[in-house]
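These are the residues of each chain, in order.
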Amino acid sequence: MQPLLEVRELRTHFELGDGVVKAVDGVSLSVPRGRTLAVVGESGCGKSVTARSILRLVEKPARIVGGEILLYDDAPDTKPLDLLAAKDKRLRQVRWADIAMVFQEPMASLSLVHTIGDQIIEAVRLHENVGKQEARDRAIEMLDRVGIPDPKRRVDSYPFQLSGGMRQRAMIAMALSCRPRLLIADEPTTALDVTTQAQILDLLQDLQQEFGMAIMLITHDLGVAAQVADEVAVMYLGEVVEQGPASAVLSHPKHPYTQALVRSVPRLGQRGQDRLVAVRGTVPPPYERPTGCRFHPRCDSFMAGKCDVTVPVRVRSDEIDVACLLYGEEADR
Amino acid sequence: MLRFVARRLVWMVITLAAISFVTFVVIKLPPGDYTTTVIANAEARGQDIPDSQIAELKRHYGLDKPFIVQYLTWIKGVVLHGDLGQSFAWNQSVASLIGNRVLLSMVLSIASLLFVWAIAFPIGIYSALRQYSGGDYLASFLGFIGMAVPEFMLALVMMYIGFRYFGQSVGGLFSPEYADAAWNLGKLLDLISHLWVPIVVVGVAGTAGLIRITRANLLDELHKPYVATARAKGLPEWKLLLKYPVRMSLSPFFSTVGWLLPGLISGETIVSVVMSLPTSGPLLLGAVKSQDMYLVGSFVLILSTLTVIGTMLSDLALAWWDPRIRTRFQKG
Amino acid sequence: MVQQTEAIAPDTQHETPQEVVKSLRDHGALPQWRLMWRQFRRHRLALIGLIVLIPIYFMAIFAGFFAPSSADTAHTALPYAPPQRVHVSAEHGMFVYGYSSTRNQETFEQTFTVDKSKIVDVGWFVRGDEYSILGPIKSNIHLIGPTKAGEAFFLVGSDQSGRDLLSRLIHGARVSLSIGLVGVFASFLLGMLIGGISGYVGGRVDNIIQRIIEFIMSVPTLPLWMALSAALPGSWGPLTRYFAITVILSLIGWTGLARDVRGRFLSLREEDFVMAARLDGVGRTGIIFGHMVPSFASHIIASISMAVPRMILAETSLSFLGLGLQPPAVSWGVLLEGAQNIRAVATAPWLLTPGLAVVVVVLAMNFVGDGLRDAADPYK
Ligand SMILES: Nc1ncnc2c1ncn2[C@@H]1O[C@H](COP(=O)(O)OP(=O)(O)O)[C@@H](O)[C@H]1O
Ligand code: SF4
Ligand SMILES: [Mg+2]
Chain A
1 MQPLLEVREL RTHFELGDGV VKAVDGVSLS VPRGRTLAVV GESGCGKSVT ARSILRLVEK
61 PARIVGGEIL LYDDAPDTKP LDLLAAKDKR LRQVRWADIA MVFQEPMASL SLVHTIGDQI
121 IEAVRLHENV GKQEARDRAI EMLDRVGIPD PKRRVDSYPF QLSGGMRQRA MIAMALSCRP
181 RLLIADEPTT ALDVTTQAQI LDLLQDLQQE FGMAIMLITH DLGVAAQVAD EVAVMYLGEV
241 VEQGPASAVL SHPKHPYTQA LVRSVPRLGQ RGQDRLVAVR GTVPPPYERP TGCRFHPRCD
301 SFMAGKCDVT VPVRVRSDEI DVACLLYGEE ADR
Chain B
1 MLRFVARRLV WMVITLAAIS FVTFVVIKLP PGDYTTTVIA NAEARGQDIP DSQIAELKRH
61 YGLDKPFIVQ YLTWIKGVVL HGDLGQSFAW NQSVASLIGN RVLLSMVLSI ASLLFVWAIA
121 FPIGIYSALR QYSGGDYLAS FLGFIGMAVP EFMLALVMMY IGFRYFGQSV GGLFSPEYAD
181 AAWNLGKLLD LISHLWVPIV VVGVAGTAGL IRITRANLLD ELHKPYVATA RAKGLPEWKL
241 LLKYPVRMSL SPFFSTVGWL LPGLISGETI VSVVMSLPTS GPLLLGAVKS QDMYLVGSFV
301 LILSTLTVIG TMLSDLALAW WDPRIRTRFQ KG
Chain C
1 MVQQTEAIAP DTQHETPQEV VKSLRDHGAL PQWRLMWRQF RRHRLALIGL IVLIPIYFMA
61 IFAGFFAPSS ADTAHTALPY APPQRVHVSA EHGMFVYGYS STRNQETFEQ TFTVDKSKIV
121 DVGWFVRGDE YSILGPIKSN IHLIGPTKAG EAFFLVGSDQ SGRDLLSRLI HGARVSLSIG
181 LVGVFASFLL GMLIGGISGY VGGRVDNIIQ RIIEFIMSVP TLPLWMALSA ALPGSWGPLT
241 RYFAITVILS LIGWTGLARD VRGRFLSLRE EDFVMAARLD GVGRTGIIFG HMVPSFASHI
301 IASISMAVPR MILAETSLSF LGLGLQPPAV SWGVLLEGAQ NIRAVATAPW LLTPGLAVVV
361 VVLAMNFVGD GLRDAADPYK
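Protein chains in written order, with full-length UniProt numbering: chain A, 1 to 333; chain B, 1 to 332; chain C, 1 to 380.
Think of the hints as simulated: they come from the structure by calculation, not from any bench.
Beta carbons are placed, not taken as given, at the ideal position from N, Cα and C, and that holds for glycine.
Quick list of in silico lysine to aspartate or glutamate cross-link-like pairs, EDC-like style, CA-CA up to 16 Å: (1) A:Lys22 <-> A:Glu59; (2) A:Lys60 <-> B:Glu237; (3) B:Lys243 <-> B:Asp322; (4) C:Lys148 <-> C:Asp121; (5) B:Lys243 <-> B:Glu221; (6) B:Lys239 <-> A:Asp88; (7) A:Lys60 <-> B:Asp220; (8) C:Lys118 <-> C:Glu91; (9) B:Lys289 <-> C:Glu337; (10) A:Lys87 <-> B:Glu237; (11) A:Lys89 <-> B:Glu237; (12) B:Lys239 <-> A:Asp118; (13) A:Lys79 <-> A:Glu68; (14) A:Lys152 <-> A:Asp118; (15) A:Lys152 <-> A:Glu141; (16) A:Lys87 <-> A:Glu68; (17) B:Lys243 <-> A:Asp118; (18) B:Lys187 <-> B:Glu177; (19) B:Lys224 <-> A:Glu59; (20) A:Lys60 <-> B:Glu221; (21) C:Lys116 <-> C:Glu91; (22) B:Lys224 <-> A:Glu105.
Label-pair restraints from in silico Cβ distances: (23) A:Lys152 <-> B:Tyr132: 42 to 50 Å; (24) C:Phe65 <-> B:Val107: 45 to 53 Å; (25) A:Ala198 <-> B:Pro236: 35 to 43 Å.
Looking at chain A on its own, in the form it has when it is part of the complex (with noise of 0.2 Å):
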């Protein structure tokens, strides 16, 4: 089937004084219909700018310098739109109606003076052709749908009188107000404490059930993604270096650094020492990238010559996307 969201060879740069910073460097996805994708990696490894690029909200110094992102329609065989190219005019029809999103912290991602059911009948009527009070009616709908107690006395309510948690909800509740086919999550609970996180994260599930809109959840927890999600993309440096179905991902992953990720997650039963196994070594400063594999300076696979020379392209090992030296005809070589 045709996923719903492709981005190939996404690259994105933050030029910088001193020299180029390459966050975003030939990132390939793509995000399956009414599914959720969960996108993983250490911090900075370009999760976040992925995001944003997508609906190209990107700011100076940052700026989008190739690939192609696009967006399928939902009727089969139709040319899909590619946004980086769109026009402005078009690219915010495309913002929010198809493709909306949920930042990290609930608090800074809300304005503070204006309340709530503003901030949501703002969306609503921006997109669709309803009056004040349909719009309204709709908010309260919404703050309800996603378990925000006595919605229409908190419509009214600014994002600063209600907890960290409610704050999230209410901004699920206004990402999903325009019934969007497809919801960005960046990090959306890393911010909140245990208890809630697990909540909003079944609300998400929840509500995908009954929207069915698709789901691409950016964590570093990968917790969260085996709790989540269908389809698992592992980052690192600024690429995808494997994709796949999260069973087959979590448990046998194929890259390196994947298994290595997956090694770092406590397990039940272990304590202490054992706990924490971070991945070995550290990112390497953003200006220098490694040659060839930019993994190799912290991988247990090294093969010397040819991880450090070249460069791996992406191959399919079972149902696995990954870009390894040690799999597909260059390993048979």
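Given chain A's structure and the hints, the job is docking chains B and C with the ligands onto it.
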């Protein structure tokens, strides 16, 4: 909101009480008192005043009482009868001397405040939205200059230009034919035509400061996540900028009165001296030079009181504008 | 910038307080200053400001040498004489033309014209009025001046008593430039003490102090300064008056600094490493001087540098009104008092040069202050 207003009012009364006390301390600061002046004057005329008469004078003016009693007597007179004391130099009640002048000072200061707002906000917003553009650099540069040039210098330069190239004096608030005339439309227009130079001169420093603040505030807001959210919603760029970050950064519009007004009144005082405007400035200067302390004190008291009232009004306006402040006092 | 691997587990391990404190100690003062300087150098205007200020201060310190004459040497026959231009010719070397004056019979206004028949020889390192360098050492060598001591030499014109404005400008710089520093030092002590108490103790004390500061800030400063200076006895000598004015200026000027200091204290108080130091068993004084002071010194220096020009402007305004320093003391404000009369300015616009000097210095200081403020936040 009501709680907020009440709190502000209480705080204002306390502030005014403190100001009046400080004023009275200043009034009493120079060594000697009224009787010293009387004795000095008498001696200048070659007379001698008997001690008993001096004691009588002291009793009459309450100068033999403790300081705090003197203060209370004075403030009672001020509050209940508007009696600000006696100007020794003019031999007149202070209240009759300063009434009109303080009014003109306020007109001038408030006009400057409006001028500052009208100029500074658009420029500040423009500078932030077009950061590092030619216009932004120009505004920053002019802002730096505006903060570095003392008001009186600017007044002098304006006077010099007017005098040198237009052959006229830009001083004063009225043309000679209107100076003593009763108020009518002609006089009002005449006043306005004279007023703009001092308004601009007084407002320049404040404008420079406010441009910087507005620009910095807006720059801080421009890259906050809530702006990204608004953009992600599909709002057109200019619309979202005005609705979200610009609105956020306009809170200083209200809170600036607190620091702008005192500065404007200071500027107005000195500019009036240079341009000989019939406001409080020149009279205050004269009073200071002749140590006419009740007159001096009254100016300090009245100008500060007006500032405090202005600040309070701006706080209320800020609360109306910013829900974070408005709602802070709603629950407990 | 090398990033530490972020553990991919839900709960990351925290460094112990001791480790935090130690790492702070190891990353001590030096790199911070170096970082600041690197950032400062990038601020081009700030660098220009510094380049302008250093020679001006140098000139003020050695005013006697740089000024062609003393501050009050008067040529009573040459009031409001216009600036002279220095000419160079093979015949005379460096010279200026003298003046010839005519008096308008109706208005009695005196006007000066350049008299090409009078030639005043000018030289480097000439002997002239005696002055003292940094106290007891006396000299009479001047950087530039008429080779024959006592001749009129007015590079920027003369004032109403025929005194050389340039010399007065250079001598006046001593007061104008130093009063900013002295005044800021005084307000710094007050601000540091009161702001420090406010921020460190917090709670009720903080609240009361904040109200007092708000109160002082809500009073228009100039009328208050005027009132306070009215209370100064007229009999005081120039030095006493100088200090009195400084005290008056700083009595009101400390509030801004106190606010900054308090703000820093408050934010630092909550920060991990102060907590850590507490847990570590470091005493209160240890906390303040070991951790809090160094970490905000840079910010305070930035706000101080912004306060100096404000002080200079305040002194200039007061003296201009005749309420600050009194002649025979010279400061730029005192010099500008002579420009109060617009008719005098119209005939002798060079009377405004002290104002130009104020603008240049204040501008330069604001640039430097701006650079310092940026540099205080190297990561921003
Ligand atoms: N504002 C910025 N300025 C410069 N570089 C940035 C900025 N934001 C992000 N980057 C660079 O982009 C990389 C990826 O950032 P991000 O997408 O936020 O990572 P994450 O995967 O944690 O979401 C960072 O490592 C950093 O080098
Ligand atoms: S390509 Fe080589 S270095 Fe890179 S992940 Fe595979 S084995 Fe490791
Ligand atoms: Mg991120």
